[in-house]
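Once you've looked at the hints, dock chains B, C, D and E against the given chain A.
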Amino acid sequence: MDIATVICIIAGVTLVLMAIISNIVLFINFPAMLIVVGGTIGATLMNFPLGDVLGVLKTVKNAFLHKDKPPTDVIEMIVSFATTARREGILALESRAEEASDPFLEKSIHLAVDGTAPELIKDILTTELAFLEERHSLGQGVFIAMGTFAPAFGMIGTLIGLIQMLSTMEDPSTIGAGMAVALLTTLYGAMIANMFCMPIAGKLKVRTRMEMLVKEVIIEGILSIQSGDNPRVVEQKLMAFISPSMRKEQAA
Amino acid sequence: MDIATVICIIAGVTLVLMAIISNIVLFINFPAMLIVVGGTIGATLMNFPLGDVLGVLKTVKNAFLHKDKPPTDVIEMIVSFATTARREGILALESRAEEASDPFLEKSIHLAVDGTAPELIKDILTTELAFLEERHSLGQGVFIAMGTFAPAFGMIGTLIGLIQMLSTMEDPSTIGAGMAVALLTTLYGAMIANMFCMPIAGKLKVRTRMEMLVKEVIIEGILSIQSGDNPRVVEQKLMAFISPSMRKEQAA
Amino acid sequence: MDIATVICIIAGVTLVLMAIISNIVLFINFPAMLIVVGGTIGATLMNFPLGDVLGVLKTVKNAFLHKDKPPTDVIEMIVSFATTARREGILALESRAEEASDPFLEKSIHLAVDGTAPELIKDILTTELAFLEERHSLGQGVFIAMGTFAPAFGMIGTLIGLIQMLSTMEDPSTIGAGMAVALLTTLYGAMIANMFCMPIAGKLKVRTRMEMLVKEVIIEGILSIQSGDNPRVVEQKLMAFISPSMRKEQAA
Amino acid sequence: MDIATVICIIAGVTLVLMAIISNIVLFINFPAMLIVVGGTIGATLMNFPLGDVLGVLKTVKNAFLHKDKPPTDVIEMIVSFATTARREGILALESRAEEASDPFLEKSIHLAVDGTAPELIKDILTTELAFLEERHSLGQGVFIAMGTFAPAFGMIGTLIGLIQMLSTMEDPSTIGAGMAVALLTTLYGAMIANMFCMPIAGKLKVRTRMEMLVKEVIIEGILSIQSGDNPRVVEQKLMAFISPSMRKEQAA
Amino acid sequence: MDIATVICIIAGVTLVLMAIISNIVLFINFPAMLIVVGGTIGATLMNFPLGDVLGVLKTVKNAFLHKDKPPTDVIEMIVSFATTARREGILALESRAEEASDPFLEKSIHLAVDGTAPELIKDILTTELAFLEERHSLGQGVFIAMGTFAPAFGMIGTLIGLIQMLSTMEDPSTIGAGMAVALLTTLYGAMIANMFCMPIAGKLKVRTRMEMLVKEVIIEGILSIQSGDNPRVVEQKLMAFISPSMRKEQAA
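Protein chains in written order, with the numbering used here: chain A, 10 to 261; chain B, 10 to 261; chain C, 10 to 261; chain D, 10 to 261; chain E, 10 to 261.
For reference, chain A alone in the conformation it holds in the complex (with noise of 0.2 Å):
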C-alpha cells in the first residue's frame, strides 16, 4: 500500500469523524461499545474457530503492508529459466531454484527438476491453488461475518435502549437523550461494518485474485518450460494472462 493511499483513506476517515470530534463526548458510550464489539466477537467466534480467527489477523496485515510483486517480474523470472532450460537443459534450473521469490515457483521447479510427470504437477499444484484460494476465502469470511454481525448487534443494541427508554418514561423531555443513546450502537455498528469489516473484506478479495493470478502464470510456466517450449513462446503464452497495459511496461 504506497503512501497515497495512506492519505486518501485518512483523509476519508478523518471527513466522517470530524463530523463527530466537536461534540466527541456524545458519541463516546461504553457500554454501547461493549454490546457492540462483544455480540460480534461472541457471534463470530461460535461461527468460526479461534484459531482461524487469529490467523485472520496476520492475513490483514500482510494484504496491507506486504506490497506485491507484480506479475511481470514473475514472468521474466520464468521466461530466464525457460531460457536456461532451453540451453543447459531442466536440471540446470535446479541451482536456480532459490532465485524464485515466491516458494511456490520455487516448490514448481522442483518438481520439474525431479522429471515428476507434468499431469502429476499440474494435479499437484492446482490442488494446491484450489486449496489456496478456499483458505483466503476463509479470510474474507471472517470479516463478511464480522460486518454482518455489526449493523445486527448495533441494531440489537438500540432496540434494547429503546425499550429501557419507553418502558421507563416519565418526562418527554428526557426522550431526546435516550434515543441519542440509543442510537449510538446502530452508529458503532454502521461504522464497524462500513469503515473496517467489509473493505477489509473487499480488500482480501482483491489480493487473493492478484496472488492467484501469480500462481495461474507460474503453473502455466512450468509447465510449457517443462514441455520444452521456446522462451518466446512461453513469454507469449504468460503474456495473456496480464493486462496489455502491463505488458507495454514490460517491454519497456
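Where hints are given, some of them may not hold.
The list makes no distinction among identical chains, and a pair is therefore deemed to hold if it is satisfied within one copy or across any two copies.
[Unchecked claim] Result set (EDC-like, lysine to aspartate or glutamate): computed pairs, CA atoms no more than 20 Å apart in a straight line:
1) Lys78 x Glu225
2) Lys131 x Asp111
3) Lys214 x Asp61
4) Lys78 x Glu107
5) Lys78 x Asp61
6) Lys131 x Glu244
Bear in mind the hints are in silico, worked out from the structure with no lab data behind them.
Relative to the frame of chain A, chains B, C, D and E by itself:
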C-alpha cells in the same frame, strides 16, 4: 472447541446480556416469546421434515463438542498405509483397516483391498462425498431458515403489538410502555437469529468444508496407493491439500 | 407428513394467532385483505402462466399429503431386479417391470429390456431428470414470487393508508386508529409470506431434492444392471447415495 | 395469454386501485411522478443502450400477446420429418423445410439437408442458443434494473419532500399533509416495481425458459434425424424433454 | 452513446433536480457532503488499490464516449480475411493484419500466420479473454462497492446528525430543521448510488458483455480460417453469435 473459544463466546454473550440484566423484568414477556419461538418453529417444520430437524440437533452437538482430527493425522496414516502397501502388497492393508479412525477411510481401504477397479472406487467414493455434502448443507439450511424466520416473526409480533396499542390508545402516556412491549418481539427475533441461528449455520459450514477436505485427501490417497505410487509421491500429493503452516507442523 | 409434524405446525401457528384472537376484530379488515391478496395474485399471474400457477397447487397437495417412499426401498427393489437379471437374463425383468412403484423406474426397465444402448438410456433418463428438476423449480419459483410480492403489496397498502390518514387528519386523537388500520396490510403481507409462501417453497425444495436423489439412484442402478454388474456391486454403488444411518436401517 | 389470465390480472390490479380510487385526488401528484419516472428512466438509460431499452418493449409485447406453440407440436413435426427422412432420404426434407413454423427449426433443417457435419450443426445451433439466451436475459435485466431504480427514486423523492417539509415547518398542523405528499413518491416507486417491472421481468424469464426448451428439442431432434434414428427413437428422445402430463395429451 | 440517450439522461436527471432547485439552499450542506463523499472514497480505497480505482475512471470515459464497432463489422472483416486466406493462402493475411481495427484481432492473425498450433492459439486467446473479463469485472466491482458504501455512509451521517440533535434538543421547534439536515446525508448517499454508481456499474457490465461477444467471434473466426473453412462456413458459424435482426442488417 477449546476452552479459549468457550471463554470468548461467554464473554461476548455476557456483554450483550449485561445491558439487559439490570432491568431484566422489562425484557421478559412470555406471550412475546411464544409468538417468535412458536412462529419460527412452526414455519421451520412446514419447511423441513421433522426427522431432518431433529437430526440437525445431533449435528450441532457434534459440531461444537467433537474435536476434529487434523488432516495432517489422516495424511500421516495414509502415508503409513502406502508404505505397508508398497512393502507387503496391498492385501496387507486388510489387517490394518481397523486402525483407520474414519469409517470413510476404512471403507476406502476395503474397496482397494477387494481389488475393485479404480474408476469404480472413485465413482463410489465421490458419489458418497457429494451426497454427504448435500446432507450437511441440509443442516445449514435448517439454521439459515430459522435465522430468516425468527426476525420475520419478530416483526409480525411487533406489528400485532403496535396495532393493538394504536387501536386502543386512549391515554397518550401509555404509548411508551405499549411500544416497548411491541418492540420486544423484534428484539427476540434479532437475538435468536444473530446470537444463535446464524453463527451455528456458519459453524456447520466451516465444519463441512473441513470434513470434505479430509475426505478428499482420503480419496486421493487411496487411489494413489492403489496405483502403486511411491509413499513419498503419495505424501507430496496429499500435502498439496493443506496449508504450508500445517505442513511445517507435520514435518516437525 | 406424519402426525407429529402436523401437531407442531398447528401449535406454532396457534401461538401466533393467540396473540391476535383476543382482539380479533382489530385484525380483520376486508379492504386491507383485498389489497394484499389481490395485488399478490395479480402480480403472480402477470409473472407466471395461469396453467402453471394452478398446476402448482397440485404439487403442493402432493408435497404435504403424499408420503415419500424412502430411497432404501427403491434400492432394495433395484437390487432384487439385479438378482433376477443376473440369474435369468435381463429380459426376465420385463415381467417384473410393473412391480416398480415409480413410473420412472418402470420406464427405465423397459428401456433396458428393449436393448437400448446404455448411452442412449443415460441420455434419455438424465434429460428427463433435468427437465423434471426444472419443472419442480417452477413450483418453488411461484411461491418465492408470491412470498416476495405479498410483503411488497403489504407495504403499498400501508403507504396508501398512511397517505389517506395524513391528508385528512384533523383530529390528532384519530391518528392511532388510522395508523393501526394502515399497518394491517403490512401484517397481512408478512404473515402470508412467512407462514405460508416461504415455508411451502422450502418444502418443495426439500421434496425435489429427495425425489431427484431417488431418480439418480434409479439411473445408476439401471445402468449398473444393464452392464451386468453383480447384485452386490449394484448395492454397493447405490448405497453411496444414502446416509450411513439409512444404510444401517437397510441392513437391519 | 388467455382470457382467464387477463381477467385475474385486471381483478388483482383493480383491488389495489379501488383502495385509491375514492380519494383519487390525494394520490395524483405530477411533480412526484416526474421524480420517480424521470429518475428511473434516466438511470436505466445510463445503464443500458437506448436501442436495447427500445428493443425490450417489443419483446414485452410478444411475451404477452404472442401465444407460444406448445413443445408437443414441435415434437410432432420433428417426428413427421424423421419419418420422411427415413422413408425418402434426408434430402426429401428440403421441400418440407418451409412447413416449419419456427425459423430456428427451418435453419436446422437446411443445415442438415446441406450435409453439414453433425458436430458443426451442433456447434452452430448451440452457439445460437447461448446467445439467444443472453439476449433474452438482457430484457429481464432491463426490467430488473427498472424495478430496482424505481423504489430507490421513490425513496429519494420522499427524502426531498421530508427535507423541504421539515425545514419550512412552522405550523405543526401542516405536517400531515406534507408527509402525505412526501410518501407519494415511495408509493409510486413501490407500485411501478411490483405491479409492473418485476412481474414482467418474471414473465420474460418464464418465456425464455419455454423458448429455450423448444430450441433444445429442435437441436436434439435434428441431430437424431441426421444420425438416421428410427422415428420412434426420435420421439422417445424428445419426449424426455417434456412433462408426463404433456406426453399424455400428445398421445391422445 | 448517441445524442438521443444523452437527451433522455439529461431529461431524467433534470426531473429529479427540479424538485430540489427551487429550494436549492436547503439541499446544500458541505459537512454532510464531506461525510458521504469522504467516507465512500476512504472505504473504496481501503478496498481497492489506488491504481485500480484511477484506472477505472479511464474505463468509464471509454464506456460512455467510445462508440462500439458493431459485431457485424468484425464478422464482415473476418469473412473477408477468410476469402483472402482461401484464395491466396493464410500467409497473405500478414499484409492485411494492420487493417484489423481491433488489437485482439490483429494479434490473432499474427498467431495464425506464424503457424502456431490451433490448440495453442485457442489457449492463448481464451486465457487472454478470461483475464480481460476479470479486469473488466474489477471496474464494475469498484462502482458496486461505491454504490454500497455511499448509502451506508449516508446512514452513518444521518445517525450522527440525529444523535447530536437529540442530545442537545431544548427547543422542540428546532427538531424539524435538525432532522432535515440529518436526512441530507441519506439523500446524498441515495443519489450518489442510484444516479451515478449503480447505472455506471450496469453500463460497464453491458459493455463488457458486448466486448466479450466480439472477442469470442474473433477467436471462433480465426480458428475457422486456420482450419481452412470455406468463407461461407466461416460466416455461417459467426452469424450464430448475433441476433437475427443484426443478421438482416448485415445481409442488406
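Hints, one by one, checked against the model:
1. Lys78 x Glu225: within (14 Å within a copy, 31 Å between copies)
2. Lys131 x Asp111: For Lys131 and Asp111, only the intra-copy Cα distance (17 Å) is at most 20 Å; the inter-copy one is 29 Å.
3. Lys214 x Asp61: both (17 Å within a copy, 14 Å between copies)
4. Lys78 x Glu107: So Lys78 and Glu107 pass the 20 Å test inside one copy only (16 Å; across, 35 Å).
5. Lys78 x Asp61: Only across copies: Lys78 and Asp61 sit 16 Å apart there, 26 Å inside one copy, limit 20 Å.
6. Lys131 x Glu244: Classified as both: same-chain Cα gap 19 Å, cross-chain 16 Å, threshold 20 Å.
Violation of the numbered hints given earlier is absent; every hint is satisfied by the structure.
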